[in-house]
Each structure stands twice: as C-alpha cells, then as structure tokens.
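Using the sequences and the accompanying hints, generate a full structural model.
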Amino acid sequence: MITPASSPLTIEDVESYKPPRMTREVPPPKIQRIFSSDPKLELFAEEWATRAQSFYQMQKVLGQQSPPVELKPDERDELTMRWKNVRSAYSNFIDAIARKSGGFGTLATNLRNQVLDLEKVGKGSYSAAIKRSQLDRVYEKFVDARKRLNPLLNKAGVRGCDWWVRKEPMEHVTRWLLLDHEEQRILCLEGPPRCGKTVLLHSIARECDRMGSLSASYVVTKGLDRDSLHSSFLSTMVDELCLHQVNLKAPFATAFQQSQAQGADIFRKSLAVQVDSILRGALPHVNITLRDRPLLFVLDSLDYSGEDVLEDICDFMMYVIRYMPAYFIISSSSRRTRTVLSRKGLDSTLKVVEMEDYQTVVARKLAEWSAKHSTSSLKN
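Residue numbers (the UniProt record's numbering): 1 to 380.
These are computed hints drawn from the structure, not numbers from a lab.
All clues given are correct.
Pair by pair, the computed Cβ-Cβ distance ranges are:
id	residue 1	residue 2	range
1	S228	Q257	18 to 26 Å
2	P192	V273	30 to 38 Å
3	S270	R210	30 to 38 Å
Only a predicted model underlies this, so the values are computations on that prediction, with no experimental measurement involved.
Here a beta-carbon is modelled for each residue, glycine too, at the ideal position from N, C-alpha and C.
Structural data, given as structure tokens:
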C-alpha cells in the first residue's frame with residue numbers, strides 16, 4: 001500500500017514540479033509522492049518507486065567511479081541487476097500508463113527508446129551514458145503530457161458558451177477522457193439544439209488534434225442522403241486517418257488498389273462494402289503498430305441525417321470498435337442515435353452526457369439558489 005505523503009499534494013505542486021537532472025541523486029520518495037497523487041496511476045506508483053530506487057542506488061555506485069574505470073566483478077553484477085530491474089519496471093508499466101493516459105503511444109515509445117540507451121551503462125562511460133539518455137527531459141515530457149490530459153477544465157479552452165453553464169458536462173467529458181474510456185468506447189453528447197454540443201465537441205477535437213490524438217472527424221449535414229454518405233464518408237475518414245497517422249498510408253493504399261482492381265469506384269459502393277474492402281484490407285497490417293495508439297473519431301450532428309444514414313454510420317462505428325483500437329466522441333440532439341446504437345448491441349460501450357439548454361440551466365440554478373437562501377433565512 002502506498003504510504004501517504006506527510007503533507008497534502010496540490011495540483012499546483014504537480015504542475016510546478018521540475019525534476020532535477022538524473023545526473024544528480026533523486027530521492028525515490030519524491031517521485032513516488034508525485035505519481036501517487038493521481039488515483040488512476042496509484043497502482044503503478046510502487047513500480048515507479050522501484051524504478052526510482054534502482055536509479056538512486058545506481059547513481060550512488062556510479063558517483064564513486066570515474067568513467068571509464070572498470071568495475072569489480074561483484075559491483076558489475078550489482079549494476080547489471082539494477083539495470084535489469086529498471087528495464088523490467090519499464091516493460092511492466094509503460095504500456096499500462098499509455099493506456100490509462102488515453103493512448104500516448106508515441107510518448108511510451110519515446111520513453112522506451114530512451115531507456116534503451118542505458119545499455120551503454122554496462123559498457124563503460126557510465127555517468128556520460130546516463131546523461132546522454134536524457135531521462136530527465138523525457139520525464140518532463142511525461143508530466144507535461146499528463147497536465148494536458150485535463151484540457152477541458154481550462155476556462156479559455158471553450159469559447160462561445162457560458163463557462164458556468166457548460167462546466168458540469170465538460171467535467172463528465174474530462175473524466176471519460178481520463179478514466180472511463182476503456183470500457184465505454186463511445187461518448188455521446190446529447191441535448192436540445194443550441195445547448196453547446198457542437199462548441200464543446202469542436203473544442204475537444206481541437207485539443208485532441210493538438211495533442212496528436214485525433215484520428216478523423218466528420219460533420220453530418222442536414223439533408224444528407226445515403227448516396228451522398230457512401231461517396232463522402234469513408235473517403236473522408238481514410239483521408240484524415242492517413243493525415244493524422246502516417247503508418248496507415250501504405251496499407252490503405254494497398255487495400256484501395258486491390259479494391260479498384262475488382263470493379264468500379266469503391267467509394268460509390270455501399271458503406272458496408274467500403275468498410276469491408278478498405279478497413280478490413282488494411283487492418284492486418286496496422287494491428288500491431290496501433291496497439292498503443294488508439295484511434296479517436298469525432299462525429300457531429302448524427303441525427304441530422306435520415307434513419308438509413310444513421311444506421312450506416314452506426315454500422316461503421318460497430319465494425320471499427322470490434323476490430324480496431326478505436327474510440328468515438330459524437331453528438332446528437334435526440335435519443336435516436338442512442339436507440340440505434342442500443343439496437344446494434346453497443347449500449348454497453350456507450351456513455352451519454354446529457355446537456356441542457358441555457359434557459360433550463362439558469363432556471364435550475366436560480367431555484368437551487370432560492371431554496372438555499374430560504375433555508376438560510378429560516379435558520380437565522
């Protein structure tokens with residue numbers, strides 16, 4: 001069990017914390033305290049402490065040596081053992097941290113690549129190798145990435161709607177992004193027109209794009225029919241996927257060429273045929289590389305379309321969730337989208353954030369204030 005810190009750790013402590021360079025001794029309790037402050041990462045705090053302890057002891061050993069002086073056999077064995085402990089700690093928790101923090105696969109890869117530089121520790125120039133590995137800079141990047149995971153609670157992040165009216169749904173969205181998205185693969189913002197769904201959804205898309213997490217986005221326009229959907233939807237998805245994730249270009253190109261060789265323009269066929277030909281053809285080639293990098297799709301105004309278009313888009317979501325590491329953030333002005341998703345067996349993967357219009361929120365807040373004021377008056 002993690003021992004609580006002697007004094008409470010505030011978010012200001014975390015955000016202002018600047019780790020010293022790893023060429024100096026870093027007491028492990030400080031690192032353990034930082035990471036145990038996050039409830040979701042508390043399970044990994046002990047492994048972080050193990051890693052910090054290994055570095056701490058290794059630096060004490062290295063600090064007594066002048067590189068590249070050879071170590072004694074017993075010292076070399078001890079150093080090798082500690083280095084293995086470090087590698088083991090990374091291999092055990094780095095993928096888990098990537099998943100818990102919304103799929104920062106690139107960050108996980110960078111961390112893993114930097115740790116590989118520690119192999120030089122066992123081959124001479126010990127202190128120089130640790131300095132060259134730049135672990136302190138990687139740690140700073142990790143802390144910075146974690147801070148950016150909570151973007152929607154930044155008041156300036158959402159413009160065009162009243163902050164205090166949107167605060168509650170934004171907090172629900174943030175919790176899903178941080179904690180709940182493992183099982184609930186679809187987040188649906190549901191509410192009447194002009195309640196701020198699109199403003200919030202586009203703010204999410206911008207922030208995710210800035211963080212490198214957005215895969216593709218699509219806005220369903222009024223009057224969209226099935227023919228228009230078949231000619232534009234998946235082609236837009238494929239184009240944006242290739243734009244945001246370069247490793248998908250080659251397998252998509254191969255799948256597209258194979259589909260074209262079999263007949264007419266694939267993007268004029270039904271959406272089911274497109275998904276089967278393009279996505280299924282590309283999946284075997286990207287399954288491994290996308291394991292630590294989930295796909296995030298943002299779809300706006302789904303219920304502006306007709307019933308058949310909505311059915312097709314929900315089929316697309318069902319297929320992608322079944323075969324790919326993907327998540328969806330969508331918006332809907334009615335319960336139609338929720339009903340269709342439930343009918344297709346996706347209700348267990350759906351999290352709904354209900355949003356209210358401005359007048360309803362104002363009336364409720366005034367009623368709460370009035371009730372609280374009346375209670376206070378009676379007490380006095």
